[in-house]
Amino acid sequence: MHPVEQLLHTVRSHHTADPDLTRVVINAVSWVEANLAVELLAESCPSRALVTATNLREIVKEMPTLPMAMAVDFETLARVWELEREESAWVRTFDGAGEGFSVVLLGEGNYCYDIAVRVDGHALMLMPQDRDGDFLNPEIVDLMVDRPAVLARMVELLEAMGLPFYPMFYMSVEDWRQEYAQVIFAEVIEQFSTDAEPSSASVGYRGRTSHRSDTNTTARCSSTSAHSQIARPSRSAASMTWSTPA
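Per my numbering, residue 118 is the first one in the sequence shown, and the count goes up by one each step.
Hints in this document: simulated from the structure, not taken from any laboratory.
A quick note: this is a predicted structure, and the numbers were derived from the prediction, not measured.
Be a bit skeptical, because a hint or two may be false.
Below, simulated DMTMM-like cross-link-like pairs (lysine to aspartate or glutamate); rule was C-alpha separation at most 20 Å, straight line [claimed, not checked]:
#  : residue 1 : residue 2
1  : Lys178    : Glu256
2  : Lys178    : Asp259
3  : Lys178    : Glu122
4  : Lys178    : Asp292
5  : Lys178    : Asp247
6  : Lys178    : Glu304
7  : Lys178    : Glu276
8  : Lys178    : Glu296
9  : Lys178    : Asp137
10 : Lys178    : Asp249
11 : Lys178    : Asp237
12 : Lys178    : Asp231
Based on the provided sequences and hints, a complete structural model is requested.
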């Protein structure tokens, strides 16, 4: 089992109980929004599962933005990662236990235009419709939680492409908060600079809204919708390395 699959198994039950908040922690581009979701989940979620969700966020945010250049061309990638040609796309199908999906790549030469995951007759694009709101397509994140092998195969694909992939690993939620405290505060200040009434700013995301006056936790966060279509090292963090069983 790939290490990322173990992380996803840890958060699965909590994602089922509160998918909106868990998805925000893992996938929201906004650090303020993610931090608020962590605070709310802390009331009911065990610390081990919560820090696992923040570590999954580190993995997801390190996924490259498409389109992108690869370190190898598609002919080389096809040999290394066992891709097959399917009309204008390159495809690899996984039908082992816990899999049942295909990874579809579009591109030419050493340039990858897009990536999709085909499952149950549908193709989900890897990139979100709202790139300012989410790192990945929210439906892909839900699929990864349901089928952890999807994220594991994506990590393996990035390695086969010759791309750098060094997410950070945190031992506690406090470590994560300390690492991003300045980033969160800067985002709060930016939000307040554009808010007509900063003293009564509203926090709203994924169908939830709260009102707070604390300048460390208040910002206006917009919700985003999922879509489906065809297709640094720090003092409190350590670089995560993957080891895949032979």
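Review point. Within a Cα-Cα threshold of 20 Å, do Lys178 and Asp249 meet the stated pairing?
Key: OK: Lys178 and Asp249 at ~12 Å, within 20 Å.
Practice item. Take a quick look at whether Lys178 and Glu122 sit within 20 Å of each other, Cα to Cα. Key: With Cα atoms ~17 Å apart, Lys178 and Glu122 stay inside 20 Å; holds.
Review point. Within 20 Å, alpha carbon to alpha carbon, are Lys178 and Glu276?
Key: 16 Å, holds
Point to revise | Pair hint outcome, Lys178 versus Asp137 [Cα-Cα no greater than 20 Å] | key: 18 Å, holds
Check your understanding: Is Lys178 within 20 Å of Asp259, Cα to Cα?
Key -> Judged against 20 Å, a Cα distance of about 15 Å means the pair holds.
Review point. Within a Cα-Cα threshold of 20 Å, do Lys178 and Glu296 meet the stated pairing?
Key: The hint holds at about 15 Å.
Point to revise | Agreement of Lys178 and Asp292 with the hint, judged by alpha carbon distance not exceeding 20 Å | key: Holds, at roughly 17 Å.
Review point. Regarding the pair Lys178 and Asp237, is the alpha-carbon distance no greater than 20 Å?
Key: 26 Å, violated
**Study point:** Straight-line alpha-carbon gap Lys178 to Glu256, limit 20 Å
**Key:** 16 Å, holds
Exercise for review: For the pair we were handed, Lys178 and Glu304, check the Cα-Cα distance against 20 Å.
Suggested key: Roughly 17 Å between the alpha carbons, so the hint for Lys178 and Glu304 holds.
Point to revise | Straight-line alpha-carbon gap Lys178 to Asp231, limit 20 Å | key: Roughly 17 Å separates the two Cα atoms, so the pair holds.
Point to revise | Given hint Asp247 paired with Lys178 - CA-CA distance at most 20 Å | key: Holds, at about 15 Å.
The structure fails to meet hint 11 from the earlier list, while all remaining hints are met.
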